[in-house]
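**Student:** Each chain, written out:
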Amino acid sequence: MSSSHGLPLDPSLPESLARREFVKMLAAAGLATLSMDAPRLLAADLKVIQPAAKADACILIWLAGGMAAPETFDPKRYVPFEKGLEYKRVLSTFPSIPTAVDGIRICEGMEQIASVMDRATLIRSAIQPDLGSILHSRHQFHWHTGYVPPQTVACPHLGAWMARVLGPRNPVMPAFINIGQRLEGVGESEELKAFTSAGFFGGEFGPMNLPYPEEAAAAVRAPKGMDPSRFVNRDKEFRRLADASPNRDVMSDHQYESMMRSMDNAYRLLSAKERMAFDISLETKEVQAEYDTGRFGRGCLLARRLVENGARFVEVTTEYVPFFQWDTHGKGHETVAKMHAEIDRPVAQLIRDLEKRGLLDRTLVVIASEFSRDAMIEGKPGSKAKDQSFNKGTTMESPDHYGLHRHFTGGTSVVMFGGGVKRGHVYGATADERPLVAIKDPVPIEDLHATIFTLMGISPKTAYDIEGRPFYATIDGKGKAITSIFA
Amino acid sequence: MLPDAVIRRLPLAVCLSFAGLTTLSAEVDFAHEVVPILRKHCTECHAGDKKKGSFSMNTRTALLEGGEDGVTVVPGHADKSKLIEFILSKDLDVRMPPKGDALTPAEVGILRTWVDQGAVWTEGFAFKQPAFEPTLRPRHPMVPPAIGGHEHPIDRVLEAWLQSKKLPTPPLADDATFLRRAHLDFIGLLPTVAETQAFVADPAPDKRARLIRSLLARDIDYADHWMVFWNDLLRNDYAGTGYIDGGRKQITPWLYAALRKNMPYDEFVRELIAPTAASEGFSKGIIWRGAVSVAQAPELQFAQSVSQVFLGINMKCASCHDSFIDRWKLKDAYGLAAIYSDHPMELVRCDIPTGKSASAGWPFPELGQIDANKPRGERLVQLATLLTQPDNARFQRTMVNRLWHRLMGRGIVHPVDAMQTEPWNQDLLDVLANHFVAQKYDLKATLEFIATSRAYQSQAEVQSGDVDGKDYLYRGPRGKRLTAEQFVDLAWRLTGTTPFKIDAGVQRMPTKPITAPEAKVGPLLAQPIWSNDVTAQRPPAAGEARSFRHSFTIAGEVEHALVVVTADNSFEILVNGKTLAKGENWAVPQLLDLAPFLKLGRNQIIIVGRNGGTGPNVAAVWCQVALRLRNNKNEVTFGSDATWEWSAALPNAKGAMPVKAAWLPVAKVPVEAAPWKKAEAMMAQMISGVPSSEGFLPRASLVKSDLLQRSLGRPNREQIVSSRPTELSTLEAIDLSNGTALTSLLERGAISLLRRPWKSSEELARWLYLSTLCRPPSAAELKVALELLGAQPTEHSTADFLWAIFMLPEFQTIR
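Residue numbers (the working numbering), protein chains in the order written: chain A, 1 to 487; chain B, 1 to 815.
None of these hints come from the bench; they were simulated from the model. These numbers were taken from a predicted model, which means no experiment stands behind them. Note that the Cβ used here is the ideal one computed from N, Cα and C, for glycine as well. Check each hint, because a few of them may be wrong.
[What the hints assert, rightly or not] Take a look, some chain A residues computed to stay more than 12 Å from chain B by CB distance: (1) 76; (2) 111; (3) 133; (4) 198; (5) 247; (6) 250; (7) 289; (8) 357; (9) 391; (10) 398; (11) 426; (12) 467.
[Stated by the list, open to error] Covered by chain A, per the in silico footprint, the following chain B stretches (three or more residues, Cβ under 8 Å): (13) 104-112; (14) 231-242; (15) 285-292; (16) 307-318; (17) 712-722; (18) 730-744; (19) 785-796.
Just chain B, same shape as in the assembly:
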């Protein structure tokens, strides 16, 4: 094949043959002769935002600058101008325009003459208005005066904007809608019925602000929920391409801890960019096996990830060639890559080396430079410092815009990864960004700032049809779809079917002693027990399994019943023959809701303890129950102690013990090891009612994705994901209608729900409406619900009712 240069020179001969057609003497009229030709054939791809081949003729300056092929127009010399060469080429791979008809000889003649006459341009003329270029540094807009008593800075900006657009102020959402929205937005869970009722009944004027603060203070619930957002954005997961062969590294424990302690965002980003071993997974990216496109080398992945996540810049195009759609060039992508790289890099355009070497740099040198001569570690620190400096408002705006998008359903700049787009309200964006900086990059402070505005607390916009694009007008927050994780969590919680373990290696135990009065930590009654056949000469063998039992009587309706349990090394707890939970990690005791498993009269707990290790070693089981009956103020507690019995026999698959099993008194195991004491302290806290004890239950965000979560839109995290699909697809709907995962969950859920003492179908229906939608059913709904449930709820009718509720758009939406 001929090299490019040769091919492109060939048409010269052709162009000479047309020379006779031009009238060299006539004065060409730029506006009336040239512009229409360029508009007809060229400017669709080479003006405004578009610069195919890095070439724009939007302005005369741009035209003379040329593009990838170098200088394109030489004023006074049509014969030296590639513009003319290209339009005359007969090679369809070279000819301009690439699509549609070639220019007519007359049109070519006009352009030749125009170039020969100096490519005269009407001063100030541009084919398209230049693309919006966002401001980089902070702005401090005047916040307009409050209108109608709305003092919140966000509301003051919005009110002024609404007035200028002659749009009404969106009405305030009712308490229940707000309560549900805030719970789902901040901790991803629903309020309990009691919480909903208390909140709605609370007359205090500051109850919404207090609720927001209390939700944000639930550090474990908050971290559990926001792991979804950050895992998507930082493409972190618990399984997936690369992890198995060391080509990818999780940042899970670091990320979770950062969220729990609400690490300031600037510090957070510094730790991601100039990382420790715990946080380096993000910048390492994914190392694919085999040969990959140069544009996906780890260094360029770093360039792309840093640009997209922290600056809302798409550096993907520019990793391969100068971008056609924005101002970023190949050298910009390589500049960032070179900061990260531990070796000199050569610019490679579309997998072909250019011979030019990359020099370390970042997109906004006007805010400070990277010293390319420093070692890698220092360069990364420099980048982190430059990114997070207060003058870099792009960094702040990118983040607050993401949070606004999360809470309000649409970005101020939209889409959120295209921060070069004009915001619909620049002042609003800057008010948020400035607040963020003033609050020392406190993410929770921004969330609280947004959530305490009247705007967040307003009724959701009623969108009709597909309204989006450039004409967006703010009319209140937009409804959001439940994430896969939220859907699954809600289904688990409501039906008591939460699985036993998480896949994320995260620390979810309380870090500080609970000081709240209602959470006074009582003494732990549970004693470590094991079989009494253990002696100093015969410690429990590795893998040795023992059943431990205890019976008790329930004489009335259970108000609440909790059990805390663990075993060295693992356990399964059965209540009245049904498995309640399993635990694999003795250091992490579990707090479980016992109530659904209890019945009037005699109840029995069996714990199967299994020893670990490779040789004989010490083993123990702990268990403590705390329960209270309705209309009875006294809490009843009891723990594993000498009254328990053990057996060498184990329950069968159906949870039943062999009839002939021999039961003997247990022996108390002396506590020696400090780690046990720590676990015991945790158990004491847990059983004493640590606030948000629900947070100890596994969350969907902390387990590997499965078919149900995938079908609900949890992404494969090989690419950065900043917003998930907003719509339910048909295939998802099929899965939800008949898929095994949800069906079996609903079946188990129905059984679990029916263990509770419902007085009537109506009570169940009311409870479920309050639990899922935070409102009682209307008369019409109740009528349908009762038809569906029947006079007395059955397992079938309850499962069907659960399904119908879960499928409601109102349920699947955060309004």
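Next comes chain A alone, as it looks inside the complex:
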């Protein structure tokens, strides 16, 4: 499935290819190992016909912490700050600007993204369930796995599903790469780890975590301080030692081979040319500058390089750190202005670069967040969620109070570029006056996932057997793709 030159985008699988053959194919390619305790594709679902893939790769741009739709992709009535401004008057704190598509406006501060909106489908009616108290990590778990925590089995991440069902596009490249999120030393890290995982699929399908894009190259290089010749030699001698073991023949083939195969895979990546894809410093200064608005921007550049070289699923995040980035409980306007600046250039550049390279048609880029924000409503109208805004007053007395500081689950935006979706298209809508709930074509998580999975060639009904029961790509296999946004 790989090719010797730069961009090995594999042809999509024929529509009629049955699961069984597909799994066999993967196994033959050494990509799927069905070991004794590993989940198996559910027998009854061998008949699930996978849809023809419209995209081969997926980049999820994850604006963690609750990106306020009215401050980004769904501008509402703008009221500038003044001392004593009543919260109830504020829907958006940014004026709107036109985009490349007539009739689609987004928020000021995202001029570059505005210029590429003609390549996007903008879903304005994504909704979240009421989980009682609004907790980022639980909504993030739900968004990334399709299942509301807690669950009785460890749930696989969206990327793990792609790794499990589709495998890597290029056998050298890890199928699932996660950029920008630290999993140690940040708040709620245990909760983050719970869904940043292949769950019951097992580690082979889990994420390669690259919290710092500028250090990604080191993650696939010989260890720090080890020159290449020493690294090569170490591996060579290791293999000779393994071969020389007098117990080689009494080791179980199964265990021996699988361990050695993983060591081979690792060494292959650490010594293959694809590892260059991880090194953003190989880009020209100009290109780096175009992306470099910070860690997130560099992450977008890294994501582009990884997809160019055969990554299947890449997540890039502005990172979830409680009360930082999009998680604005105070100073919302000021913070979001900074977030605009952080995402605007790199996201637009990523789209343009993918397009320039002929990759956008087969690469699905999704911008999403766990929920939206509102100046007044915590949760959704009528929910009993605890108000978490720092300022409980009814008026804004200082610029720190200006912003959307409450978690809103009644309607938010998801943007999809490329990979088989319509261009310059809007799906769904939210109300123009508070409550800004989805009033047309609401899209729950399972339908959003069904859409993404279907575009990638995975039936939302795909299921694996765990503890004797089926576990579906979308809950109970019930997710329905929004086919009307398909190109």
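Guided by the hints, dock chain B onto chain A, whose structure is given.
**Tutor:** Below, chain B without anything else, positioned relative to chain A:
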């Protein structure tokens, strides 16, 4: 939206329109006409083990019983039978079968006629043989006579089985393989080179049995190792979801103490189910913030955990709806939940209340009932009693099967959490269970029972390819992968890089005085010392730090050198400028291996003592060294005393003291407080060579998970985990190949190893092979090893050699 009932009634109109197609007069042939239709369209989901919607048509009785939607077939009345209604529905959410084509009008006609004619069934016919239903009560199988002198009951059962299958008896593993396997299985550590050599050389015929007993007697090492198994199974951890906000409670100190004293398993389970404050964390489960599915309410978590851990029953499906895959129903899950609940519970099916109330009960009422009218505390005691009663062999079998799986690599019932599965050898399972009961639920006795069998001591099965599933044939124990904790412990121990502290709040000090002759406790020479500027008017200030030093000369090769150290309130000990250890808890002295840090000639120990508290209070440092040179019988010991010196200056980050530091004689601190005396007694025991003194070093099982452990398969313990992944994944291999954690550990390890006086690369290579694989290298291996190490080992070549050894499948496997 229309309510379900309305939707389901609509197709009636449709079905009437087909009525004309049927030939009501013809006698339908069940076997030749009906069965093929049902087999084609229905029985994949509604026969055998499968009962979607709780509905099975496996037998006529099952068919007439109906399912979640009530009665499905009314004999004589096709028009009142939902079976017909469903197959005719045009609503794809209702129609049966849900996938594939609808039944043809002709097929529908046959089924209608068949029902109208009374749904006649061939007597005794079933679509699929009924699922295996395990026996519940104890069985006492006849143990076959010994064959070939193998008297052990396990071997007698296995020999007979092997003969019946015409399979060979697996050959015995050699001593070294057995030694390594037993160490890793029982205490999670490797034997030392000296232990390996002594064991292999020992001609005594009972040496294997003695070894097993001695390993199991190492209570701290045993508990350290088995914490991994139990933390996974009882989902206990030192950090994780819920702990921070009080939604989850550790049982760590209780669990560790229970393992150390080998609490009988029935008592252990009673304390988990009807708990004290120390053991209630298990039954409390995890209380998640926010609204959660009713099926994950703490009461239902209790139902699921108790069922899975102690009975091998999966109650997860039944917590939400009647299970499709086994016989457990929603009311069964709620029965257990209601025992635990402190309020009346309503059955909720898939988050929709049913209006029915739960009544306390447990899965095996034939063994005794729960009295739902008793208060909660008594109900829990009842459940604990019912579970652990001798007649409940399911309870015993579930546990012995887990232990068999641990030691032998595959369950007798497999997977181990699905105890409804047919065992591959029921008699073997019962021999183990009966032994367990006879030994009063002594877990170590079962481990010893298994380990003393020839079966455990046999060569591991050579598996070719992925051989599993229902066709399992026993061909000897299976190799197991090292756990993350074992891997990390071995790396720490071999390289002298064990970190300084543990996260688990457990009591690891010896509980009883050591009576073994070699462990005679000598007097403690170490005296409590502090700076001599302390007076009654100026006790040490809170946070006051002092350096204390002592120098000594080494005139030959060190055979062994140990140091025991502590300080009120904390310390860091440096030897020749390198940090050896830090200690935060004065009540827990540390015993450390000094040898790797020593050199010929003059050596210097510096201890930085730091006082605690919030105001001035008493402070002290203790230290004692015991060392012996090779070829010298005399043990040299010395302790902190008036000959030591102190300075107010502290070493810098590189371990060096300021050149101009002023050194003054120390003052002895009078011992007043009883707790100090206790710590001093511990130090005396430790320095006198308490057996398994290594057990005092931190173990990976007692620290919070980190990236390295995670990448080696240590699970997030939000769910119960009874077996870990058996394979090394590519991402793990990448981490092991270039991850910072292992790389820096190997670098430090190489430096530490090279402090030892190796005569040659060959000596180092031989030592490492013996230390890791419990065997010397073959000539071919030695050749490669020497190429890798070079004529004289360097830090680089040693680190690379360590890496290569750690990556060997032979190292990462318990064969």
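**Student:** Each of the hints needs a verdict: does it hold here or not?
**Tutor:** Hints, one by one, checked against the model:
no.	hint	result
1	76	holds (28 Å)
2	111	holds (38 Å)
3	133	violated (4 Å)
4	198	violated (9 Å)
5	247	violated (6 Å)
6	250	violated (6 Å)
7	289	holds (29 Å)
8	357	holds (27 Å)
9	391	holds (23 Å)
10	398	holds (31 Å)
11	426	holds (27 Å)
12	467	violated (6 Å)
13	104-112	violated (count 0)
14	231-242	holds (count 3)
15	285-292	holds (count 6)
16	307-318	holds (count 3)
17	712-722	holds (count 5)
18	730-744	holds (count 11)
19	785-796	holds (count 4)
In summary, the numbered hints that this structure violates are 3, 4, 5, 6, 12, 13.
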